Structures are given as C-alpha cells and as structure tokens.
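Peer 1: Here is how the chains run, residue by residue.
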Amino acid sequence: MTDYRVIFDDPDSLDEPTKVLVPSDRWMKEAMEGNLPPITVFWDLQDDEQKAIAEGRHDKFEHDPEKYMKQFTAPRIGPLTEEEALEYLIMKDLPRKCWAEQHNRPMFKIVTKDQVPTDRTFRNAWELVQ
Amino acid sequence: MSTIVASTVKANDILESTEGGATFFLIRAWINWQNAGTALLIDSGGVSSGTDTGTGAWQTNFSTAFSNALYASAGMNGENGSTYNNAAIAYNTGAGGNGTTTTYRRCSAENADGGYTDYNNNNVIFCGYQ
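These protein sequence lines are chains A and B, in that order. Under the working numbering, read the first sequence as residues 1 to 130, first letter to last. Under the working numbering, read the second sequence as residues 1001 to 1130, first letter to last.
Chain B with its partners taken away, still in its complex shape (with noise of 0.2 Å):
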C-alpha cells in the first residue's frame, strides 16, 4: 500500500492505485444550498453559482465544465428538527438539454408526498470526468 501526501491535487488529475489497477474519482464539485427563505449557497466547491429557480428548485453552475453531461450526482436534504423523513432530491436529465448540461444542472427536492419543497439544507455531490 502507498501512501499520497500533497497539499494541492489538480482537477484534471486521475488518481490511480499501484495495486490492482483500480482506478479512483474525486467528487468534482459539491453544494450545501437553502432554498427556503431567501436563497442562500451555505457552502460549495467547484461551483461558481446556484440559481434559485422556483419553489423546491435550483441550478448549480460549476466552475469547470465536465466533459460530458453524464456526470452522477447524488443528494440529501433536511432541516432542523425535520419531519420530512423522506425527502428526496431529484434531477431533470433534460431533454434537450434543458436541465442539465456539462456546465450546470438543475435539481429539485421533494417532501415525502411528491410536492416540491423548499429545504434548508441541501447537499449534493458531482462526480464525473472533468
């Protein structure tokens, strides 16, 4: 087993294991976005803005493009003392192109009856080729 110790690791680097030839991916970017209230980006990387687009709903724009447009993502939401125990969050895949793009990607969040919800927290992770 080797060991990686750097300070700086560059976005456009592939980080690969000397054993077995498993190769490893970095989350490329990563939001913490409010919807309620007024929108606030609580905290990010590799994101240069979020769009509030309407209730329960928002853009994340990256800072880099990816490559491709068929980055995953993945999310959780929730808030304080929530009672909305199933939430989810959601993504439009666009058809056209209208939802998600190599530069942004909208998202929505649901309460466990299906409505979009405007959460206090939500969080979601982009990985892909960047």
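Next up, chain A with everything else stripped away, as it sits in the complex (with noise of 0.2 Å):
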C-alpha cells in the first residue's frame, strides 16, 4: 500500500479547494508489474476528448476506435519503481496544466499520508501551502 499522495490546485480552477489524489493500490501494483501502456496512449485521449469539449460537441463525442484500443493493445511499458508509477499517475490523473506549464507558484506536491491533515473543518478553505 502506498503512502503517498499528490495535493494539487488546477490552474484553471484557483477557487476551488485544494485538492488530495489518493493512488489505487490495485493499480499501482499493476504498475509496478508492468503492465501499463505508455503514458502517450492517454494523452491522445485526452487530447481529442478536449478539443470536443473545446468545440461543444462533447455530448456526442466517441474516441477514435484506434486510438481507444491502444489501452488494450499497446506494448506495454515495463515495471516501474513506486516513484515512477506516480509520477505516471500524476501525467495521467491530473490536469495536464498542474505538471506540465510554468507557474509562479508549484501547482502540485507529493506527500506522505500522514502529511494530509485529518482535521476537515474548513476543509473547503483548504489550501496548497507553499
């Protein structure tokens, strides 16, 4: 079981809470035994999803059936460390504008558990402490 989390603010929702990823153990360990395909075969997903978004027509949007079957049929990538499967994780789970631009602040922070406070009081105030 992993101890690590990922806080993160998204970039284009700065008002929103703070936000914790909690890793699947299950998938980790998918990770861990290699069996994951390469991180591009999501990127291409969500790159087409969000030009629909981008162009409202999301509601009938379907990915393209070559490019969805590659999660079944791309060679997969091999066994990663746990630090590897996370930052995985993180290149496939969070948006891409938290790891992948230049802001004047981190977007995003890899933690312990026991780092994240259990205390939920305000727990919508909750704030990426730099």
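Source of the hints: derived by calculation from the structure; they are not laboratory data. These numbers come from a predicted model, not from an experiment. Beta carbons: idealized from backbone N, C-alpha and C, even for Gly. Treat each hint with caution, since some may be false.
Partial chain B-side listing against chain A, Cβ under 7 Å, derived [unchecked claim]:
(1) 1041
(2) 1047
(3) 1048
(4) 1051
(5) 1052
(6) 1053
(7) 1054
(8) 1055
(9) 1065
(10) 1067
(11) 1099
(12) 1102
(13) 1115
(14) 1118
(15) 1120
The calculated label-pair distances, taken between Cβ atoms and stated as ranges, are [said to hold, decoys possible]:
(16) B:1040 x A:83: 15 to 25 Å
(17) A:113 x B:1092: 25 to 35 Å
(18) B:1112 x A:66: 44 to 54 Å
(19) B:1112 x A:55: 38 to 48 Å
(20) A:72 x B:1125: 19 to 29 Å
Footprint (simulated), chain A over chain B, 3 or more residues, beta carbon under 8 Å [said to hold, decoys possible]:
(21) 1029-1040
(22) 1058-1064
Starting from the two chains in their separate frames, assemble the complex, guided by the hints.
Peer 2: The structure is reproduced here in structure tokens:
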C-alpha cells in the first residue's frame, strides 16, 4: 500500500479547494508489474476529448476506435518503481496544466499521507502551502 | 442454458447470451471511497486513483477510459451506526466536460438536508462501453 498522496491545485479553477489525489493500490501494483501502456496513449485520448469539449460537441463524442484500443493493445512499458508509477499517475490523472506548464508557484506536491490533515473543518478552504 | 467458465474476461469483451440474443454488460469500474478524515481509497476496481475535491466531493479516475462519456453510474453511501438514512450520491454532468469525461467522473454525497457530507463509505459502480 503506497503512503504517498499528491496535493494539487487546478490552474483553471484556483477558486476551488486544494485537492488530494489518492493512488489505487491495485493500480500501483499493476504499474509496478509492468502492465501499463505508454502514457501517450492516454494523452492522445485526453487531447481528442478536450478538443471535443472546446468545440461544444462533447455530448456526442466518441473516441477514435484505433486510439481507444491502444489502451489494450499497445506494448506495455515494463515494470515501474513506486516513484515512477506515481509520476505516471500524475501525468495521467492530474490536469495537464498542473505539471506541464510553468506557474508562479508549484501547483502540486507529493506528500506522505501523514502530512494530509485529518481535521476536515473548513475543508473547502484548504490551500496548498508552498 | 450455457455456462461460461473463465479465469479472466478481458475488459473489451462483451458477453452475449446464446438464448434470445440479450446482451449482458459488465461493471467496468467500482470504488469504495472514504471522504471523512484523511481521504482514503478503501478499495476499487478499474480505478487508478481517487481525488478528494472538497467537503463531500470526490473524483474517480479510471484505469481505462470509456469510449464515450455517456456511461452510467450508481452509488450508495453510509456510516457505521449511521443516522444519515436519506443520504444520496450525485454526479456532476459537467457542462463543458468539467465534471465528467471518459477518464473521470466527479461525484458528491449529500445528507437528507441536502448538505455536502463527508461519509466514511461512498460506493459507486460504473457501467458503459469500454
């Protein structure tokens, strides 16, 4: 079971509370056993969907079958370390602007679960401390 | 009536009945998510991570993208010795793809009074083309 969490702000929604990503242990196991396709498979799907959203046709959007099937058919990338699996997960599940673009402050931070507050009072006011 | 015996059924398989032609669909992903205290992904299937997005709110990130964003979800929530008998889980249809895409769906849990609430157990299943 991984002890790591990723806390992050979405650059497009800075008014929203800071978010906490919790990796799936089952997914981490798959990643460390080498069962993932290249991350570009997911980026291609995300790019196509974002384009559909931007063009207002998300309601009728369907993934390109060839790109979609690469999730299952692309050669696996091989076993990852826990750190590499976490990096892969960040690039897959965090908004791309969080990690692919420069900002005037870091938009995410990898922490241990002990560093995440248990007191949820004012949860919606949580902010990422630099 | 026929019986299927298999140790593994691939995610992109569709099981079809040989009698009457009715098609059976599989649950593609499921999550048991704790939003109370330090958010915890208690267990899941077909899920790469969960994200605590605020009081009573979280996002389920799928291991494998759905082919479109029109998949269905259903959920229940509760607590040990719960007095929250009328709890409900909703999801954000996300005009413009903000709340639901082929790779994630944002959900929220509300109590009987309609206030977002951090429950110990939020169970959701997802079914659609994958």
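Peer 1: All hints, please: hold or fail.
Peer 2: Verification of the supplied hints:
Of the supplied interface hints, the one on residue 1041 of chain B holds, with its beta-carbon coming within about 5 Å of a beta-carbon of chain A, less than 7 Å. With a least beta-carbon distance of about 5 Å to chain A, the hint placing residue 1047 of chain B at the interface is held under the 7 Å criterion. Satisfaction of the interface hint for residue 1048 of chain B is found here, the shortest Cβ-Cβ separation to chain A being roughly 4 Å, below the 7 Å cut-off. Interface restraint check for residue 1051 of chain B: the shortest CB-CB distance to chain A comes to about 5 Å, inside 7 Å, so the restraint holds.
Given the 7 Å rule on beta carbons, the hint for residue 1052 of chain B holds: about 4 Å separates it from the nearest Cβ of chain A. With its C-beta approaching chain A no nearer than about 5 Å, residue 1053 of chain B sits inside the 7 Å limit, and its interface hint holds. For residue 1054 of chain B, the suggested interface contact is upheld, since its CB lies about 4 Å from the closest CB of chain A, less than 7 Å. Because the smallest distance between the Cβ of residue 1055 of chain B and any Cβ of chain A comes to about 5 Å, under 7 Å, the interface hint for this residue holds.
Interface hint status for residue 1065 of chain B: upheld, as the beta-carbon distance to the closest one in chain A is roughly 5 Å, under 7 Å. With a cut of 7 Å, the hint placing residue 1067 of chain B at the interface with chain A holds, because the nearest CB-to-CB distance is about 5 Å. Interface restraint check: residue 1099 of chain B against chain A, minimum CB-CB distance 11 Å, threshold 7 Å, status violated. Checking residue 1102 of chain B against chain A by beta carbon gives a least distance of about 6 Å; that is within 7 Å, so the hint holds.
With 7 Å as the threshold, the beta carbon of residue 1115 of chain B stays out of range of chain A, its nearest partner Cβ sitting at about 12 Å, so the hint is violated. At about 6 Å, the closest approach between the beta carbon of residue 1118 of chain B and any beta carbon in chain A falls short of 7 Å, and the interface hint on this residue holds. Because the beta carbon of residue 1120 of chain B sits about 12 Å from the nearest beta carbon in chain A, more than 7 Å, this interface hint is broken. At roughly 22 Å, the beta-carbon separation of residue 1040 of chain B and residue 83 of chain A lies within the given 15 to 25 Å, and the hint holds.
Between residue 113 of chain A and residue 1092 of chain B, the C-beta spacing of about 26 Å keeps the proposed range 25 to 35 Å intact. About 48 Å separates the C-beta atoms of residue 1112 of chain B and residue 66 of chain A, a value consistent with the hinted range of 44 to 54 Å. Our hint of 38 to 48 Å for residue 1112 of chain B and residue 55 of chain A holds, since their Cβ atoms are close to 40 Å apart. Distance hint for residue 72 of chain A and residue 1125 of chain B: a CB-CB separation of about 21 Å, consistent with the stated range 19 to 29 Å.
Under a criterion of three residues with beta carbons nearer than 8 Å to beta carbons of chain A, the stated coverage of the region 1029-1040 of chain B is upheld, 5 such residues being counted. Given a C-beta distance limit of less than 8 Å, the hint that chain A covers the region 1058-1064 of chain B holds, as 4 residues qualify and 3 suffice.
The earlier numbered hints that this structure contradicts are 11, 13 and 15.
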